[in-house]
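Number of protein chains: 2
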Amino acid sequence: MPGAALPTAPSIPSAPVTSAVLDRLRAIVGDKGLIVDEQDKLPFVTDWRGTLAGQAAAIVRPAITAEVSAVVKLCYDNGIAIVPQGGNTGLMGGATPWPMHRGIVLSLGRMNQVLNIDPVGYAMTVEAGCILETLQDTAARHDRLFPLSLGAQGSCMIGGNLSTNAGGVQVLRYGNARNLVLGLEVVLANGDIWDGLRALKKDNTGYDLKHLFMGAEGTLGIITKAVLKLWPAPKDVCTAWLAIRDPKAAIDLLSEAHAASDDNVGSCELISRACTDMVLRHIPGTQDPLKAETEWYLLLEWSSARPRQDGGTGMSDRMEQFLADQLEAGRVLDAVIAQTEAQSRNMWRIRESVAEASRTEGPGLSYDVSVAVSRIPEFIASGFEAVLAILPAIRPYPLGHIGDGNVHFSFMGPKGMDLGTLSQYSAAITRAVNDLVTSMGGSISAEHGIGIEKLDELQHYRSRTELDIMRTIKRALDPKNIMNPGKVLRLG
Amino acid sequence: MPGAALPTAPSIPSAPVTSAVLDRLRAIVGDKGLIVDEQDKLPFVTDWRGTLAGQAAAIVRPAITAEVSAVVKLCYDNGIAIVPQGGNTGLMGGATPWPMHRGIVLSLGRMNQVLNIDPVGYAMTVEAGCILETLQDTAARHDRLFPLSLGAQGSCMIGGNLSTNAGGVQVLRYGNARNLVLGLEVVLANGDIWDGLRALKKDNTGYDLKHLFMGAEGTLGIITKAVLKLWPAPKDVCTAWLAIRDPKAAIDLLSEAHAASDDNVGSCELISRACTDMVLRHIPGTQDPLKAETEWYLLLEWSSARPRQDGGTGMSDRMEQFLADQLEAGRVLDAVIAQTEAQSRNMWRIRESVAEASRTEGPGLSYDVSVAVSRIPEFIASGFEAVLAILPAIRPYPLGHIGDGNVHFSFMGPKGMDLGTLSQYSAAITRAVNDLVTSMGGSISAEHGIGIEKLDELQHYRSRTELDIMRTIKRALDPKNIMNPGKVLRLG
Chain A
1 MPGAALPTAP SIPSAPVTSA VLDRLRAIVG DKGLIVDEQD KLPFVTDWRG
51 TLAGQAAAIV RPAITAEVSA VVKLCYDNGI AIVPQGGNTG LMGGATPWPM
101 HRGIVLSLGR MNQVLNIDPV GYAMTVEAGC ILETLQDTAA RHDRLFPLSL
151 GAQGSCMIGG NLSTNAGGVQ VLRYGNARNL VLGLEVVLAN GDIWDGLRAL
201 KKDNTGYDLK HLFMGAEGTL GIITKAVLKL WPAPKDVCTA WLAIRDPKAA
251 IDLLSEAHAA SDDNVGSCEL ISRACTDMVL RHIPGTQDPL KAETEWYLLL
301 EWSSARPRQD GGTGMSDRME QFLADQLEAG RVLDAVIAQT EAQSRNMWRI
351 RESVAEASRT EGPGLSYDVS VAVSRIPEFI ASGFEAVLAI LPAIRPYPLG
401 HIGDGNVHFS FMGPKGMDLG TLSQYSAAIT RAVNDLVTSM GGSISAEHGI
451 GIEKLDELQH YRSRTELDIM RTIKRALDPK NIMNPGKVLR LG
Chain B
1 MPGAALPTAP SIPSAPVTSA VLDRLRAIVG DKGLIVDEQD KLPFVTDWRG
51 TLAGQAAAIV RPAITAEVSA VVKLCYDNGI AIVPQGGNTG LMGGATPWPM
101 HRGIVLSLGR MNQVLNIDPV GYAMTVEAGC ILETLQDTAA RHDRLFPLSL
151 GAQGSCMIGG NLSTNAGGVQ VLRYGNARNL VLGLEVVLAN GDIWDGLRAL
201 KKDNTGYDLK HLFMGAEGTL GIITKAVLKL WPAPKDVCTA WLAIRDPKAA
251 IDLLSEAHAA SDDNVGSCEL ISRACTDMVL RHIPGTQDPL KAETEWYLLL
301 EWSSARPRQD GGTGMSDRME QFLADQLEAG RVLDAVIAQT EAQSRNMWRI
351 RESVAEASRT EGPGLSYDVS VAVSRIPEFI ASGFEAVLAI LPAIRPYPLG
401 HIGDGNVHFS FMGPKGMDLG TLSQYSAAIT RAVNDLVTSM GGSISAEHGI
451 GIEKLDELQH YRSRTELDIM RTIKRALDPK NIMNPGKVLR LG
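These protein sequences, in sequence, are chains A and B. If you read the first sequence in full-length UniProt numbering, its first letter stands for residue 1, the second for the next number, and so on. If you read the second sequence in full-length UniProt numbering, its first letter stands for residue 1, the second for the next number, and so on.
Same shape as in the complex, but just chain A (with noise of 0.2 Å):
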């Protein structure tokens, strides 16, 4: 979030990496998996957009679970810190180092192999250091789905969209990441494994452990392999652009396509007219879907596993006859089906644009919030009202996951105004969004999580009973403090 400061450092303790702990690290990992020059350590300790530059003693890349079991009871023994980091893509800060950490980072991405792969059973075990990509990419090849979809897929690792339970584009039909997980294995603070790499729907033996190191952001344990869920591959997709009377009509919209796709919606992103122009301006090829003068839009796709039957009624068949019901009920103002290939994947480069386009346009400030779907156009209406009471020029660009409650709420800078003085109204705004969202029961982050940038809007907005629930698993499962400390929560 350009503009945003960090919040302050919290103390993360640990012992300094001596040369003689290099050296037995190097014994576990060998020369290959160590990295300690400065130069080459740049990519590990800072963020890809280049907003936080933290540091570490070494970069360690095990290359399998009984090196990272190793290296974990190293440190453990000897109480340094590591944070465990996957493709290193996050937003918030979860898998970069503090500038003041003294410890590892702890890289997966030697671990990369697809373990096995079991289409019949529609499960795949996995290593963590699997780049999403080529698991979506191995899934197809056997005629299977691998839903997770999102802007980073191309470099991101499955070790860390689990740890961060990962959203993206097809949340709506398939869920969170840990939807699509069945079992996982995890190296514990203590560098015991944990072995639950079941392929199993059902299993009722005691509490549910994978959960809790989903989402925990590597505070809890490091996830070095998963058996994942796989769906058919879709074979009679339809994607078309809707421009709409307003969100409400979107929310009212969705609620019928459920029934009307056969529980088929795939996407469901409503996309400002703001936003469309945006991406029209500096992302070279793209097309206006269009021509309308609405100020909002859906981008809605539906899918089908079931390849268009000679002489019945596919996707786009029942995808004609409900928006020609919405037109008729006022909600849809025009669409388009998308005829070809080429015209589907322009309508999805604008939507999945937006991010790059608004870094072009120049300064300012998103948030990535939920509420329950159906109090979306409350949350729009009001949200901007509190905003522009703040900066009245300020620019709304608004975007979202409709269908799962997640709003990017985003906002340009006014015209000329620089990213310094932008920052100055940052604190009140990002308050005035966030005590919005709690009010209505919704959440200050819906799929980015808290890493280091959020770290104070958490401790500020869960209640003190949820933080103490927080931390009293946090102190239990890691008492020395020594996984990703200083991310998630504040101990002190």
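Hints are all accurate, no fakes.
Partial chain B-side listing against chain A, Cβ under 7 Å, derived: (1) Ala-199; (2) Asp-208; (3) Ala-305.
Only pairs whose alpha carbons sit at most 30 Å apart, straight line, appear in this in silico DSS-like list of lysine-lysine: (4) Lys-248/B x Lys-235/A; (5) Lys-235/A x Lys-229/B; (6) Lys-480/A x Lys-480/B; (7) Lys-248/B x Lys-229/A; (8) Lys-235/B x Lys-248/A; (9) Lys-229/B x Lys-229/A; (10) Lys-248/A x Lys-291/A; (11) Lys-73/A x Lys-480/A; (12) Lys-73/B x Lys-41/B; (13) Lys-32/B x Lys-73/B; (14) Lys-229/B x Lys-248/A; (15) Lys-291/A x Lys-415/A; (16) Lys-235/B x Lys-235/A.
No lab work stands behind these hints: they were computed from the structure. By construction, the Cβ of each residue, glycine as well, lies at the ideal position given by its N, Cα and C atoms.
With the hints as your guide, set chain B onto chain A.
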């Protein structure tokens, strides 16, 4: 499980419920909320099968969360053990007190209000004491589906369903109970109330606490309210009864059914000829859907929220085409699609009456286990072999939610053998089945939980590391061990 001996009782420390404590309980919940008469206590201290007879000093029935909180705080301060209880319909004794329990039973039965229903947002907020069937009916009145569906639905309560992460016949499509939840309110061991009652599909703000309380069987806290997810009500349902070649054919068929049905497979239940015949023998009014002499059958149901369109293809057309393909492939030997509601009800009645019929048939043994879906055929074959090696005349009655990898691996004793004699074989057979399940990476309790009855089996089959994590969490969140002590885990 008839014939199974109870585990050795763990030590369950509890201060006595003195008359002074009783007075304070009465002051919190009123006369209506307190049961001390021995006769009136019976339904709360005995399990519904009549196999567990426990004790409690009092049954406490709060009417609101604040009363639950006050009762728990009082117990916490005085070191009094609490058995939380919903409908007391569990199969493992999780909700029934141990015979030496000296504390209270805390029954949620008076907290039975539906607090809010949001059909557009597909969510419903309810109190823990709501009867499951009431919630199904409430959803249906709003043209929505709450998919949790199981034998005890007329008397089990949602709080118990969530605490045990209940399964049932719709898990294949909608997931276990934990997948049907957006938010929870929980009273913790010290009486504090955790308000996690958020209606959010996405919320990445720290550890996911709700998944910790679900499946914990009341040993970490008491679920008092929940926000449940809803789905569109089914409008086009097709039920079929298939004679199939063998369990392998069932797996392969199901693997293809997902795509062929547009991902609309609702249920896929494997039923043996032995189970079918037993039901036909004992349950009046049931009819054999198919005259066939094969050993294995599938009850396959596809359902869509989209009403069948005039001139369009509906579920039954797709099912017909699919069954023709499967006959061609040799997996299906014969099949019938229900043409009337009565025919469909008859098929379901056979499936749902197996438990009742087996009680009439005589003494038996049953194991609720799961393995990876694709390994079910191997499990069934090896399991038969292992059990028949111990008691050659035992009669297998297998049955299963095959799409979940969950087999109810059941046997009736040899003809003429009484319960006492069968019980002598029980320990060896249980060990053989659970050894096999474990060697195949499966679960010794797929959906019924641990409670009292599987306490020793969990201890035996789960790794020391896994048990250690569970105990660490239990001790951290319930340091005085007052929440359902002696269930799920042995702490000693």
